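Residues per chain are reported as follows:
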Amino acid sequence: MSHRSSRRRMLVDYATTFGFIVPSLLGFVVFYLVPLVRGLCLSFTDWDLLGPAHFVGLANYYELLKDDQFWNSVLVTFEYVLWNIPIQTVIAMGLALIMRRLKSSSLLKGAFIVPWFLPNVVVALLALVILDPAIGILNEGIKALGFRPLGFLTTTQLAMPAIACVNTWKFMGYTALVLFAGLQAIPCEVDEAALIDGAEGWTAFFKITLPLLRPVLAFVLVTSVIGSFQVYDTVAVTTRGGPVNSTWVMNFFIFKNAFEEYRMGYSTAAAMFLFALLAGAGFAQVRLMRAGKAD
Amino acid sequence: MSYTDRASRSIPFILVIAVALVVTLFPVLWVVRMSFTPNKQILSSAGSLLPARATATNYARVFGLLDSATAIRLGGSAQKINFFRFLLNSLFVSSIVTVSQTLFSAAGAYAFARLRFPAREWLFGAYISALMVPSIVMIIPNFILMKDLGWLNTYMGIMAPALLMTPYSVFFLRQFFLGVNPELEEAARIDGANKLRVFLRIILPMSVASLVTLAVICFVGQWNDYMWPLIVGKDESVRMLTVALGVFRSQTPQGMPDWGGLMAGTTLAIIPTLALFLALGRRIVDSINFSGFR
Numbered sequence: 157m158s159h160r161s162s163r164r165r166m167l168v169d170y171a172t173t174f175g176f177i178v179p180s181l182l183g184f185v186v187f188y189l190v191p192l193v194r195g196l197c198l199s200f201t202d203w204d205l206l207g208p209a210h211f212v213g214l215a216n217y218y219e220l221l222k223d224d225q226f227w228n229s230v231l232v233t234f235e236y237v238l239w240n241i242p243i244q245t246v247i248a249m250g251l252a253l254i255m256r257r258l259k260s261s262s263l264l265k266g267a268f269i270v271p272w273f274l275p276n277v278v279v280a281l282l283a284l285v286i287l288d289p290a291i292g293i294l295n296e297g298i299k300a301l302g303f304r305p306l307g308f309l310t311t312t313q314l315a316m317p318a319i320a321c322v323n324t325w326k327f328m329g330y331t332a333l334v335l336f337a338g339l340q341a342i343p344c345e346v347d348e349a350a351l352i353d354g355a356e357g358w359t360a361f362f363k364i365t366l367p368l369l370r371p372v373l374a375f376v377l378v379t380s381v382i383g384s385f386q387v388y389d390t391v392a393v394t395t396r397g398g399p400v401n402s403t404w405v406m407n408f409f410i411f412k413n414a415f416e417e418y419r420m421g422y423s424t425a426a427a428m429f430l431f432a433l434l435a436g437a438g439f440a441q442v443r444l445m446r447a448g449k450a451d
Numbered sequence: 070m071s072y073t074d075r076a077s078r079s080i081p082f083i084l085v086i087a088v089a090l091v092v093t094l095f096p097v098l099w100v101v102r103m104s105f106t107p108n109k110q111i112l113s114s115a116g117s118l119l120p121a122r123a124t125a126t127n128y129a130r131v132f133g134l135l136d137s138a139t140a141i142r143l144g145g146s147a148q149k150i151n152f153f154r155f156l157l158n159s160l161f162v163s164s165i166v167t168v169s170q171t172l173f174s175a176a177g178a179y180a181f182a183r184l185r186f187p188a189r190e191w192l193f194g195a196y197i198s199a200l201m202v203p204s205i206v207m208i209i210p211n212f213i214l215m216k217d218l219g220w221l222n223t224y225m226g227i228m229a230p231a232l233l234m235t236p237y238s239v240f241f242l243r244q245f246f247l248g249v250n251p252e253l254e255e256a257a258r259i260d261g262a263n264k265l266r267v268f269l270r271i272i273l274p275m276s277v278a279s280l281v282t283l284a285v286i287c288f289v290g291q292w293n294d295y296m297w298p299l300i301v302g303k304d305e306s307v308r309m310l311t312v313a314l315g316v317f318r319s320q321t322p323q324g325m326p327d328w329g330g331l332m333a334g335t336t337l338a339i340i341p342t343l344a345l346f347l348a349l350g351r352r353i354v355d356s357i358n359f360s361g362f363r
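As you go down the protein sequences, you meet chains A and B in turn. The number in the working numbering is simply the position in the first sequence, starting from 1, with 156 added. The number in the working numbering is simply the position in the second sequence, starting from 1, with 69 added.
Because the hints were derived from the structure by calculation, they are not lab data. Heads up, some of the hints might be wrong.
Said to hold, decoys possible - Among the chain A residues that face chain B by a calculated CB cut under 7 Å, a handful are:
hint	residue
1	V270
2	P275
3	A337
4	L339
To be verified - As a list, the in silico DSSO-like pairs of lysine-lysine whose alpha-carbon atoms are at most 30 Å apart:
hint	chain 1	residue 1	chain 2	residue 2
5	B	K303	A	K412
6	A	K363	A	K222
7	A	K412	B	K109
8	B	K303	B	K216
Only a predicted model underlies this, so the values are computations on that prediction, with no experimental measurement involved. From the three backbone atoms N, C-alpha and C, an ideal C-beta is built for every residue, glycine too.
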């Protein structure tokens, strides 16, 4: 190959690479980067959605530091994430393994995923109906077994775990679907080879399947932790932050300040704090899981 | 795979599946049950498994077959909804967004997984950060942008933010492309295929399972999206089904939500997504057979 044509090929290569990246880059800049910068600017103002915005410096952030309601929401959100993520991931992993064994039945697979087809608001309304202490079917069952009915969404100790379980129910099938897609990409030969070498069930799972699944598992953990920190719909429909602030999660704090108190600046300042928290959590996970490499 | 067949017929395995199915499907059954229960009975007979007095009037209300007076008498609102129009809107918007987003995200994801270019890792980090921006930060500036472009109450306005990429889709496909065996690509490169050809002829066909999975996720996400279409697409001509179902949640003249209508509407609204999944489910499974993992 002559020097000239190899140089031409390099230019063509760069042009193609550019072509691959440009459409998504355009979407990223217009709909994510610019709004983020505008949001950051907004957090230094006292905008009330209607009148003009005035620059107030770091006042919103100072106020956040001293706002007990806000720090309570941070704590409550962590509680939610700690209930939601471990349960959801373990159940989803189990379902994904079941799906792999049920190779031929897409009907059964579909059955596990149905809850995820329901809109968030409907799931929340359904939780209200099923978990109601007086008329809910779950408490009818508890009463039939001879126990006293429980106020799942109305007692401070139970409300947060109950909401975590509702959302786990909604998202476990979807999470399993992603993990299953990852399992599908692992060649069957690897499993067979492991069996021939004498690795049994769980050993094979932890020593071979899980390491090969790491890029996809990293994806699932990062995205579900990010989603989990932003829980909103279920809380907004069922408990509205109560009882006694026990489910007053960060996104509820943010939306309430924005659309009920009309304090956009204060609300976006809290949103920026949430963003920083998520960025920290996300990148720590990517690091820990070395998400870029498959073993 | 004889060991798989044997394992899938063992009694503990079947028991686990049975429990998982009951937990998953019972609340869904509850949606269907409420959709056939008259509104007046919904809260009074909540303990029985089947509707106390089954009725199809909730569905008749959803399809707008009843006049306002009858609808109000049955616990609905006087406002009629144009169900099929909203169904078509949802199908149209969700299909276009799915195809376009999957394609452009795949191109970007391939660049991040395989191609070398300056600041690649840095840019990918920026995409991942975008995944973490709370939705409220984006909704208001994007709404103002749509207003300035004159795209409020148009299909374009509803679709625009999701048309080219979501950080989720790019991240998803990159992780799967990383798992594709690089030797095949190198062989093709040595044979003189350019990057575009490698992408179209090797990467895409080998990733059908993950592409279909992402397409399903994308479709369902768009189908169920509520906040954004509510803000930019209030007009009947572009209103999405989930937004339209909000009518049943708002207060009726009787002072409580129209439970029956909402659940009937929901039941109808999940049929298309469920059908799509069942149609493509086999593809997610089978595509692996020809994808060349040898």
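Against the earlier hints, flag every one the structure doesn't satisfy and list their numbers going up.
-> Hints 4, 6 and 7 not satisfied by this model.
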